Amino acid sequence: MLPSSLPIILATVALTAGAAIMLAVVWKLGFLREWDAQARSIFDERDFRLAREWEGPVDALERELQYGPPVAPRPGEWGGAAGGVRDTPARHAAPHDDDPSHDAATSRPAA
Amino acid sequence: MTAPPRPTEGRATGPDLAAVAASRGLAPEDLDIRLRADASSRRIVLLAFSVAIVWLIVGSAFGELASLKLHWPELLTRTGWLTFGRVRTAHLHLVNYGWASVALIGTSLWLLPRLVHTELKGAGHAAVGAILFNIGLLLGVVGVLMGYSDGMEWLEAKRWVSAPFLVVGGGLIGLAMFRTVAARRTDHLYVSVWYILGAFIWFPMLYLLGKWPGWSGVESAAVNWFFAHNVLGFWLTAMSVGAAYYFIPKVLGRPVHSYQLSVLGFWSLAMFYSLNGMHHLVGGPIPTWMVTTSIAASVLMFIPVIATGINLHMTVVGRFGALRYSPTLRFVVIGALAYTAVSLQGSFSALREVSRITHFTHWTVAHSHVGGYGFVTFVAFGAIYYIVPRLVGHEWPSAKLIRWHFNLVLGGIAIYVLALTWAGVAQGLALLDPQIPFQESVKRSIPGLYGRSLGGLLMNLGHLVFAYHFFLMVRRPAGVFKRTRPPFHEAQPVLYTAEAERA
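Top to bottom, those sequences are chains A and B. So the first sequence is numbered by our numbering: it starts at 1 and just counts up by one. So the second sequence is numbered by our numbering: it starts at 112 and just counts up by one.
Pulled out of the complex, with its shape left as it was, chain A reads as follows (with noise of 0.2 angstroms):
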């Protein structure tokens, strides 16, 4: 008769030991090299001059002499109503950053 904690252990040795197999393969496969530009591959260039207005100006000026001048947020850009929409059409239709048919400048289509 098998003991009751027996699948416990299987699982338990098959969790683990997969676990300290996939490490030595993503080892050996390279994936825990470079950790500095592993860390930074979540950015783009704008993600860093986009300026801050939690940022203090010698934060914002460290910020401005590292990456560029910087870029101002669109509306909603940390994820709130922070923008300030107001009820005129350019403003309501305001795009977000990402979308191509739209002007950043004037929020039409652009040309």
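Keep in mind the hints are simulated off the structure, nothing from the lab. Computed from a predicted model, the values in this text were never measured in an experiment. A couple of the hints might just be wrong.
[As the list claims (entries may be wrong)] Short derived list, chain A residues pointing at chain B, Cβ under 8 angstroms: (1) Thr16; (2) Ile21; (3) Leu50; (4) Trp54; (5) Glu62; (6) Glu64.
Cβ coordinates follow ideal geometry from the N, Cα and C atoms, glycine included.
Given chain A, put chain B in place with the hints provided.
Showing chain B alone in chain A's frame:
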């Protein structure tokens, strides 16, 4: 007024893309990648969020009803499907598999293409999978309410009715994830990708183990807690931590404090988490070594928890002012704090000396809500606030509604956890005292149960506000969103330039 087009399914090319990208400070290839990634996942992610919010409303209403019944036992006792045992189980299924899982699946489906710089591969079968998954959940919950259950906590949905839909549906979603990563255009896999992929490898293994029809007696108790605890650590936690590692650095515009620590956190979670569940069986009829090993594994969890907690905290430190400006950051940072708190709490409560007081009391319910709500749900809220504007093409309509949502859910969970933690300790101490009759231990916890219902009520109200706001957001009414109140952060609006004011 003609409604502006939503983010397009196609892509802008040539001079258009270059000009728009330049005007927004983006390299054309960066903009192209983002556009294609978001367009490919847009429908499935919006579907997932919409359904998840429905489950959140229904599931938390069941939770509130179950809570009321604990101090108002005669409430709705004549209707079978509204009895405590059924509504509590329905609550657990709907909020864990319906709300949290589906919302985080949606978040992961949006994140993954962005992280690996490609489109979502297999969005069609992922959508079919999401539909099947939700059908399975619905069948399971209706079955539970009708009195059909497999009798294992967290796994009550009937094996041969609900599980096939969940397995096939989840499998189709997971297939899309792996196809997307296989088609990646990046050399690296950011740590969030590890967490998401890990979740989609671990959860099927756990679910199949838990639903295996051969378990009985003590064996089923051990498998039950092996599943129930690991589904938190390997499924909900994995996707939530993965999301936190994306949103916090992204909003702040600074890389995570230590990438090495984030990788250490992931792999130590993978190595040490699996045995944690047995600490729920302290004193139970299972081999002592299993419980002791589980306690040791729980203490080993300090490694990933401290690694992740320190890392996320140090990423934000010096920038806490940003929480005033970004709802996403506010929700996700509080979620990350709750992750650290609940994990350390869990490690300590695994110790026999602590467990002998808190075991079988309301304390455990408070603990699970710090994790399931304070951590997982807050991260999901933050993710939805960030993602949806990028899918529908406009910002959230009302800063006021965001503030109401945030204050209600934060106030609700704070009251809930404090009340039940106090009630649990009082109950546990009374249970340990042989001079105190059992009934007295119940009476001592009743004030905490009132606090639980009050906290739950506030959270329910917060969910209604959030659901209404989400509805406004995706419905995109023809009218104009008027801002009659200060913006979210109650300071100068981000885009109120002098030119905009003059216009």
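Taking the hints in turn, this is what the structure says about them:
no.	hint	in the structure
1	Thr16	6 angstroms, holds
2	Ile21	11 angstroms, violated
3	Leu50	6 angstroms, holds
4	Trp54	4 angstroms, holds
5	Glu62	11 angstroms, violated
6	Glu64	12 angstroms, violated
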